[in-house]
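Novice: Each chain, letter by letter, is given below.
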Amino acid sequence: MEVIADAISWILIALGSFFLVSGAIGLIRMPDVYTRMHAASVIDTLGAMLLILGFVFQAGFSLLALKLLFVIALLFFFGPVASHAMAQAALHAEIEPLLAEDRRGRKVPGDDEPEPGGQPEGVPST
Amino acid sequence: MIGNPSAEALVMAALLTLLAAVTIAIARQRNMFGVVIMSSIYSFLMASLMIVLDAVDVAMTEASVGAGISTVILLATLYLTGSMEYPQRRSVAIPLFVSIVVGAALVWGTIGLPAFGIADAPIHQHVAPTYIDFSRKHDMPPNIVTAVLADFRSFDTLGETTVVFTAGIGVLLLLQGGWRIGGARREDDTQGDDEI
Amino acid sequence: MALVYDMPRRKRFDNKTREQQMRSLVLAVALFLFWLALSGHYTPFLLTIGVLCVALTVFVASRMLIVDDEGQPMELLLAAPAYWAWLYVEIAKSAVTVTRIILDPRLPISPTFTRVRASQKTTAGLATYANSITLTPGTITTGVSGDILTVHAIIREGADDLEAGGMDRRVRQFEGDA
Amino acid sequence: MFVLATAAVLLALLLAVIRAIRGPTVFDRVLAGNTVGTLAILLLASIGFLTGRPEFLDIGLTYGLLNLIGTFAVLKFFRHGDLAYDVDENKEGKAWK
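First to last, the sequence lines map onto chains A, B, C and D. One point on numbering: in my numbering, the residue at position 45 of the first sequence is 45, and numbering is uninterrupted. One point on numbering: in my numbering, the residue at position 138 of the second sequence is 138, and numbering is uninterrupted. One point on numbering: in my numbering, the residue at position 178 of the third sequence is 178, and numbering is uninterrupted. One point on numbering: in my numbering, the residue at position 10 of the fourth sequence is 10, and numbering is uninterrupted.
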């Protein structure tokens, strides 16, 4: 039983570490703020959560595991709030996103007045 | 420092390098917002270093003061001043000389300290045993760090808690928004407020 | 400079309904369990302190008028675990996609802005949908206007998936279960 | 195994700090700062397990909350130019349904 828990936790920790590092690489490689946010959200979600889940298996049934689960809950609930605030503030500051396609002008069912925009605004530097 | 001493040393070296890099970046940064954000990063790194050094309470204070309240206070300052630093006009020779002398004095001071983590340092001779005996005898909180902070050094802690309390007020300020004095607001506040 | 006087924007303190009492009770129980989990020491003295702290917190929270269906959506609590499990699988899938994009030497991104309609009926449901979009790597909700969400996606396929509305339906089902 | 986790966290920390230093916009720095906050929690946990004393994880929760507050303070300042701005106060009748 001990061995199985150890093996699971090792796999989770290894996977978490992998996603952590690749998210951080994305943070460096991506061309603009908005795309970097997607890379950072890999760190916040899969990287951090798998790593902590791995630690939970190491902690076993204890208050410690519960505390680790609280940390996961914190990331789960507050991570998206921070990302959303960041994206909105960046848009408000008129930082133009690199776009392959802008569908903000598209008609949505049950919608009367589409917002202006809708022209492709350049191609990302790949 | 029970586990792996070399891994510990490596983590500490990495964190100290990052701290140095962030410090240099802060000194070179001319945009004040960048400085505020990077000093909050500095605080998180410093708090992690404190954790590695087993000073958990200091780490807590560092994080709440450095990343929490000083960010709010620095931003409030930036609201009143401009956000770009003017280029330096005077020579930096005298400030450089002063900081080198002060830094050298501090390094010289550390030579007199007992070696790091050594068991027969003065603090382990009388201070720590007294705390442990006294808190056991007088039925203080089960966690000795709590006992030291809340019973032995309560006035010191009162000061720190006041700082954290002020940080809490900053949080309320941020999350609750606010009625301005007398429930009044300026008409021109609504300008430029569009929804995206 | 014209001055405009506003009434405080929320409900008054005094019409404390039965529902609010129920919410306060649930909040108190949840907070006390949280306190027990963090404390780890269970002597009568410390437990009393804990009860007092929880009572004070709930009192202050109800005075701040944040104990309502928006601040504490307890109706959703029962349906939540199933939804979270589903969401976590979605997060894992899209995180793998984003990771492959990051590690691909050509960096095949095609950032797309789009608008999608949220068909949820409650604010908690709308917030769940918007946050779920943000939480899955590869898509970020950048704005909410009425029931139209503006979404930035890192590749076209992410935007296509959202426009197809699978997640929207799942959130509505989650909201309806409650 | 914990050494691997710690090393990964440190590597990610290094890359995030590089992003914070290089900028170029303020929002890149905010993003990097937010990531550093998350990584600080992970470093706290992994060092705790590495040294065999993972008892002080409560501090991780504090870090998370402080990280959120710091990020929000900066972003609110950029969005509204004022820390005490209240959206509801300035916008009547646009509430959701």
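Keep in mind the hints are simulated off the structure, nothing from the lab. Be careful, since some hints might not be right.
Said to hold, decoys possible - Simulated crosslink set (SDA-like; lysine to any residue; CA at most 20 Å straight-line):
#1 C:Lys93 to C:Thr43
#2 B:Lys137 to C:Thr43
#3 B:Lys137 to C:His41
#4 C:Lys121 to C:Val58
#5 C:Lys93 to A:Gln58
#6 C:Lys121 to C:Leu78
#7 C:Lys93 to A:Phe18
#8 C:Lys93 to A:Val21
#9 B:Lys137 to C:Asp147
To be verified - One side only, chain B facing chain D, incomplete, derived with CB under 10 Å:
#10 Leu10
#11 Leu15
#12 Phe33
#13 Gly34
#14 Val36
#15 Ser48
#16 Thr130
#17 Ile132
#18 Arg153
#19 Thr157
As the list claims (entries may be wrong) - Cβ pair distances, simulated, as ranges:
#20 A:Ser62 to C:Gly166: 34 to 40 Å
#21 C:Ile49 to B:Asp54: 51 to 57 Å
#22 B:Pro114 to C:Ile49: 36 to 42 Å
#23 C:Val96 to B:Ala121: 49 to 55 Å
#24 B:Gln88 to D:Met1: 18 to 24 Å
#25 C:Asp104 to B:Ser83: 34 to 40 Å
#26 B:Gln88 to C:Lys121: 58 to 64 Å
#27 A:Ile11 to B:Ala76: 46 to 52 Å
#28 B:Leu53 to C:Met22: 37 to 43 Å
#29 C:Ile49 to B:Val164: 15 to 21 Å
#30 B:Pro87 to C:Ala30: 28 to 34 Å
Where is the CB? At the ideal position from N, CA and C, for every residue including glycine.
Novice: With reference to the structure, classify each hint as holding or not holding.
Specialist: Now for the hints, and whether the structure bears them out:
Our distance criterion of 20 Å between C-alpha atoms is broken by C:Lys93 and C:Thr43, whose separation comes to about 46 Å. Distance check on the hinted pair: B:Lys137 and C:Thr43 sit about 17 Å apart at the alpha-carbon level, within 20 Å; holds. Taking the CA atoms of B:Lys137 and C:His41, the gap is near 19 Å; set against the 20 Å cutoff, the hint holds. Of the supplied pair hints, the one linking C:Lys121 and C:Val58 is violated, its CA atoms being roughly 28 Å apart against a limit of 20 Å.
For the suggested pair C:Lys93 and A:Gln58, the alpha carbons sit about 25 Å apart, so the restraint of at most 20 Å is broken. This hinted pair checks out: C:Lys121 and C:Leu78 have alpha carbons roughly 18 Å apart, not beyond 20 Å. Straight-line distance between C-alpha atoms of C:Lys93 and A:Phe18 comes to about 15 Å, which keeps the hinted pair within the 20 Å bound. With a C-alpha separation of about 18 Å, the suggested pair C:Lys93 and A:Val21 falls inside the 20 Å cut-off, and the hint holds.
Of the supplied pair hints, the one linking B:Lys137 and C:Asp147 is violated, its CA atoms being roughly 63 Å apart against a limit of 20 Å. Taking 10 Å as the C-beta contact cut-off toward chain D, the hint placing B:Leu10 at the interface holds, the least distance being around 8 Å. Checking B:Leu15 against chain D: minimum C-beta separation of about 8 Å stays under 10 Å; hint holds. Nearest Cβ of chain D to the Cβ of B:Phe33: about 5 Å, under the 10 Å cut. The hint holds.
Annotation: interface hint on B:Gly34 holds; nearest CB of chain D at approximately 6 Å, less than 10 Å. Checking B:Val36 against chain D by beta carbon gives a least distance of about 7 Å; that is within 10 Å, so the hint holds. The restraint placing B:Ser48 at the interface with chain D holds, with a minimum CB-CB distance near 5 Å, inside the 10 Å limit. For B:Thr130, the suggested interface contact is broken, since its CB lies about 24 Å from the closest CB of chain D, more than 10 Å.
Because the beta carbon of B:Ile132 sits about 18 Å from the nearest beta carbon in chain D, more than 10 Å, this interface hint is broken. Violation of the interface hint for B:Arg153 is found here, the shortest Cβ-Cβ separation to chain D being roughly 19 Å, above the 10 Å cut-off. Violation of the interface hint for B:Thr157 is found here, the shortest Cβ-Cβ separation to chain D being roughly 16 Å, above the 10 Å cut-off. For A:Ser62 and C:Gly166, the hinted distance range of 34 to 40 Å is satisfied, since their beta carbons lie about 38 Å from each other.
Distance hint check for C:Ile49 and B:Asp54: the Cβ-Cβ separation is about 27 Å, which falls outside the suggested range of 51 to 57 Å. Look at B:Pro114 against C:Ile49: about 38 Å separates their beta carbons, and that is inside 36 to 42 Å. Judged by the Cβ atoms, the range 49 to 55 Å given for C:Val96 and B:Ala121 holds: they are separated by roughly 51 Å. Distance hint check for B:Gln88 and D:Met1: the Cβ-Cβ separation is about 49 Å, which falls outside the suggested range of 18 to 24 Å.
Checked against the given bound of 34 to 40 Å, the beta carbons of C:Asp104 and B:Ser83, roughly 38 Å apart, stay inside it. Between B:Gln88 and C:Lys121 the CB atoms are about 59 Å apart, so this pair conforms to the stated range of 58 to 64 Å. At about 47 Å, the beta-carbon gap between A:Ile11 and B:Ala76 stays in the expected band of 46 to 52 Å. Taking the beta carbon of each, B:Leu53 and C:Met22 are about 47 Å apart, not inside 37 to 43 Å as hinted.
Remark: the range hint 15 to 21 Å for C:Ile49 to B:Val164 is upheld by a beta-carbon distance near 18 Å. Between B:Pro87 and C:Ala30, the C-beta spacing of about 55 Å breaks the proposed range 28 to 34 Å.
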